[in-house]
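Chains H and A supply the protein sequences, listed in that same order. What the first sequence shows, in my numbering, is residues 102 to 499, in sequence order. What the second sequence shows, in my numbering, is residues 102 to 499, in sequence order.
Hints listed in this document are in silico derivations from the structure and should not be mistaken for laboratory results. Yeah, the Cβ is synthetic: ideal placement off N, Cα and C, and Gly gets one too. Some hints could be false.
Said to hold, decoys possible - Which stretches of chain A does chain H cover? Using the computed rule of at least three CB atoms under 8 Å from a CB of chain H, they are:
{"id": "1", "stretch": "323-331"}
{"id": "2", "stretch": "366-377"}
Unchecked claim - Which bits of chain H does chain A cover? Going by a derived footprint, with three or more residues having C-beta under 8 Å, they are:
{"id": "3", "stretch": "161-168"}
{"id": "4", "stretch": "297-311"}
{"id": "5", "stretch": "336-345"}
{"id": "6", "stretch": "406-418"}
{"id": "7", "stretch": "471-483"}
What the hints assert, rightly or not - Sample of chain A residues facing chain H (criterion: CB under 7 Å; computed from the structure):
{"id": "8", "residue": "His-114"}
{"id": "9", "residue": "Ala-147"}
{"id": "10", "residue": "His-175"}
{"id": "11", "residue": "His-180"}
{"id": "12", "residue": "Gln-185"}
{"id": "13", "residue": "Gly-199"}
{"id": "14", "residue": "Gln-214"}
{"id": "15", "residue": "Pro-352"}
2 protein chains.
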Amino acid sequence: MSHATPGTPSRVHLDNGGRAPWHPLARQAFEQALGDGWADPRRLHAEGRRAARLLDGAREAVAAVLGARTQEVHFTPGHTASLQTAVASAAAGRRRAGSTVVTSAVERAAVLQAAAYTAAAAGAHPAGVTEPAARPGGPVPVDRLGRVDADAMIAAIRAPGVALAALQHANGEVGTVQPVEVVHDAARAAGVPLLVDAGASVGHVAVPGAWDLLAADPADWGGPAGVGVLAVRQRVRTASAGPEDEDPWAPGGVSVPLAFAAAVALQAVEADRVEQAARRRALVDRVRAQVSHIPDVEVVGDPEGRLPHVATFSFLYVDGEALVTELDRHGFAVGSGSACTSSTLEPSHVLAAMGVLTHGNVRIALDRATTADEIDRFCAVLPGAVARVREMLGVGGL
Amino acid sequence: MSHATPGTPSRVHLDNGGRAPWHPLARQAFEQALGDGWADPRRLHAEGRRAARLLDGAREAVAAVLGARTQEVHFTPGHTASLQTAVASAAAGRRRAGSTVVTSAVERAAVLQAAAYTAAAAGAHPAGVTEPAARPGGPVPVDRLGRVDADAMIAAIRAPGVALAALQHANGEVGTVQPVEVVHDAARAAGVPLLVDAGASVGHVAVPGAWDLLAADPADWGGPAGVGVLAVRQRVRTASAGPEDEDPWAPGGVSVPLAFAAAVALQAVEADRVEQAARRRALVDRVRAQVSHIPDVEVVGDPEGRLPHVATFSFLYVDGEALVTELDRHGFAVGSGSACTSSTLEPSHVLAAMGVLTHGNVRIALDRATTADEIDRFCAVLPGAVARVREMLGVGGL
């Protein structure tokens, strides 16, 4: 998507994973809700009731897309909060079963850290002690395409002492879609609830039905940051894992305009999701094909079972930060390293778990407004940028 | 403030505590930041750096108002989150000193519940067990005006085993200002950090300097809901009390447009705060005087040391919900019961702690746009509304 600002008329933003520009209808909805729904929806007067109706409508709209009941959908302060609360409250609800949270190795940091915290807290530590407890087996490994070993995950779920399992729908960093159906079948048979992190997929591909708890991220589909979505099937037993509050999913309550804008954006992107997916998949295929001609590159992630809008590659003899900076100088914004913590540019735990190159990494996530022309320009600029960075690092001859 | 909507041309909204309409400049700022600051501020490219600059500017502006250093100011997901995180992380930072959190009896439910949770979690319970532990003395009592017994609070702070003390700057439900300076002096001498909940006061009266942690609420001063402010003096030792995250104050990061709008709103209300306070104090004095002529009423809260924009009264022989509904029918939105949980209409713990009438309660919080004419109309309508509700309840002759 071009953001025409003075001096940068042809800026191309290809780093839309987890923080996309707002959908135009979301902005309209937000404005409307600021006028109609700014009041506290828990109040009894007309303004409060109007806000409550907007909030109910938002939950209903989100529920319809997720294939959930309205009362199963909760708004949270954001996607990380959704994941933390989901792990903590589902684990607390099954405290008698155990405290192990089975995860894949490529879950978001928030899930891995919440799982470690749950295990540590149950180990008779007082709250606040966060050293990850040693957990038999650790996260379940993935293959070189980023796909979890489903047999190993199922075996881990069937082991004693498991409170919860967590498997993402698709990995936002490399695009690989996970086998959530088969894992969910096994988890149901074992009586273990499955948390599906769909934060990188909802709005881009069809929402799976195979979940007991499902987290989705409005900021990823063109809604606002500052609000998250967590759906919890009614059959799932949860318990509070923090101080009491009227709303355990969003302590203090949620902002109605944010929730309403999130719901409207979701409806809007669902309306032409299939066309958008096909269009972006074609562009991503083009990028993946073109990039593969650059010397010493590894195109990352499952070539088939993948998100339609994400493409990731790692270059040998290149520093990721330098490449992001070089591309930025030429008008292209891209991500690098870990989708969750790209600022730190620490080696991505996702790439490391896949056994692929962890340095020289570039990730693009196409917006709905990204054009074929922008992708062509990116493909034209990338080889030179890689060569220049290699030259700066003294490996130009390679 | 009149919200002219079709069919309700002269609606008067007097329930602005904790959820006020946005300041016009906050809306402008939000729109601007949506264009400039929608990207993830942790990213390295131009869009990310632009968002980071907006966020830095917002922190700097808030810090200037709060009398804090920029690096001491953190944005959170909201005021309840600020209070929960402040209690949890300050208590975790002083785990060796003890696990008691000394509070007044009129703190917000979020503070009381976080204090109870901290004590329970330290009592060798696994995380998630939320039964409040018996704590010697319990919350420190207040007098009939809502003012905390400073001597008793200081004695409680000096007792062994205290991790943290919490005293609000002013009570949002009844307006009473607390003696934070004298309590802070004693807490400093005892080496106990003091959390000051200024969620009902910042933007309305001068910010006190007497704090170690200070929480303030943008939604109360005309900024957005969905973002909170927590300032922590650099000398305060804190520790994580939950899963690790890059940003322990707002896991997953904060929405830059929300933070920016919050800061702009704060600057805007600070610019004419003194005039606004004088104007609203005169209106509140008028209401308090007029209401005192209604039979069987108790005008609540300190008549002198109080917030300029809050007025609260309790009527004998009246049901609070019925009175809110009756006033709503005549075009006036007011609060009732507890400022934090007015939807439930459970007896307010604040009113109960003060030993005043807990039923038949009405609270108004004037917006900056509330006019003298609106207040006069409210004063004209209120006696009849009270009489009608008493009649419905069969106490019309009293």
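Checked hints:
1. 323-331: holds (count 4)
2. 366-377: violated (count 0)
3. 161-168: It is violated: at least three residues are needed, and the stretch 161-168 of chain H offers just 0 whose Cβ sits closer than 8 Å to chain A.
4. 297-311: violated (count 0)
5. 336-345: holds (count 6)
6. 406-418: It is violated: at least three residues are needed, and the stretch 406-418 of chain H offers just 0 whose Cβ sits closer than 8 Å to chain A.
7. 471-483: violated (count 0)
8. His-114: 6 Å, holds
9. Ala-147: A/Ala-147 check passes; min Cβ-Cβ to chain H is 6 Å, inside 7 Å.
10. His-175: Constraint on A/His-175 not satisfied, violated at 14 Å.
11. His-180: 6 Å, holds
12. Gln-185: 6 Å, holds
13. Gly-199: 12 Å, violated
14. Gln-214: It holds, given that the least Cβ distance between A/Gln-214 and chain H is near 4 Å, below 7 Å.
15. Pro-352: 4 Å, holds
In summary, the structure is inconsistent with hints 2, 3, 4, 6, 7, 10, 13 from the numbered list given earlier, while agreeing with the others.
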